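This note's numbering numbers the first residue of the sequence shown as 6 and each following residue consecutively.
Because the hints were derived from the structure by calculation, they are not lab data. One thing to keep in mind: the hints can contain errors.
Here are the in silico distance ranges between beta carbons for each label pair [what the hints assert, rightly or not]:
1. Met36 <-> Arg67: 30 to 40 Å
2. Gly63 <-> Arg26: 25 to 35 Å
3. Arg133 <-> Leu88: 45 to 55 Å
4. Leu114 <-> Ile25: 36 to 46 Å
5. Arg133 <-> Ser111: 27 to 37 Å
6. Asp61 <-> Arg26: 24 to 34 Å
7. Ala30 <-> Leu59: 14 to 24 Å
8. Leu29 <-> Gln102: 12 to 22 Å
9. Arg67 <-> Arg33: 14 to 24 Å
It should be emphasised that the depicted structure is a prediction, and the values quoted were computed from it without experimental measurement. Ideal placement from N, C-alpha and C gives every residue a C-beta, glycine not left out.
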Amino acid sequence: MAFREDHARPPALPGDLGAIRTVLAADRTLMAWIRTSLSMLSFGFTIYKLLKALADHGQIARTDSPQHVGMFLAAMGTLSMLLGTASYWMTLREIAQAGPFRLGRSVLLMAVIMSLAGVVLFIAIAGRLV
6 MAFREDHARP
16 PALPGDLGAI
26 RTVLAADRTL
36 MAWIRTSLSM
46 LSFGFTIYKL
56 LKALADHGQI
66 ARTDSPQHVG
76 MFLAAMGTLS
86 MLLGTASYWM
96 TLREIAQAGP
106 FRLGRSVLLM
116 AVIMSLAGVV
126 LFIAIAGRLV
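Model the full assembly from the supplied sequences, consistent with the hints where possible.
Right, dumping it as structure tokens:
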């Protein structure tokens, strides 16, 4: 079954070469945001576990320090992922105004997954405070 021209899906990328380069640059920028966010999230979890072990063995005075440091880094990683995703989304929306193309990109899906993972990690560390 063939699609009629007026009902065809919009192309995955814009037709203009400059717009294509802009989309691909936005993809690379979002991937950098993802790497930065993942680094902060994993570093926050690692620091939390390390400081928690030290606190359990009585080697640090404040036993609430692990949670505070872990929550801070998890919050910063999540915030950076949300800001990167918002920036990416705004860039794609501006490009979509110039011509039709699909906004569903794999890097955007990864950013959403990372954002959710950051929120879950933050809640998990915050839950240890109670």
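Tested hints:
no., hint, result
1, Met36 <-> Arg67: 30 to 40 Å, "holds, 37 Å"
2, Gly63 <-> Arg26: 25 to 35 Å, "violated, 57 Å"
3, Arg133 <-> Leu88: 45 to 55 Å, "violated, 26 Å"
4, Leu114 <-> Ile25: 36 to 46 Å, "violated, 20 Å"
5, Arg133 <-> Ser111: 27 to 37 Å, "holds, 34 Å"
6, Asp61 <-> Arg26: 24 to 34 Å, "violated, 52 Å"
7, Ala30 <-> Leu59: 14 to 24 Å, "violated, 43 Å"
8, Leu29 <-> Gln102: 12 to 22 Å, "holds, 18 Å"
9, Arg67 <-> Arg33: 14 to 24 Å, "violated, 41 Å"
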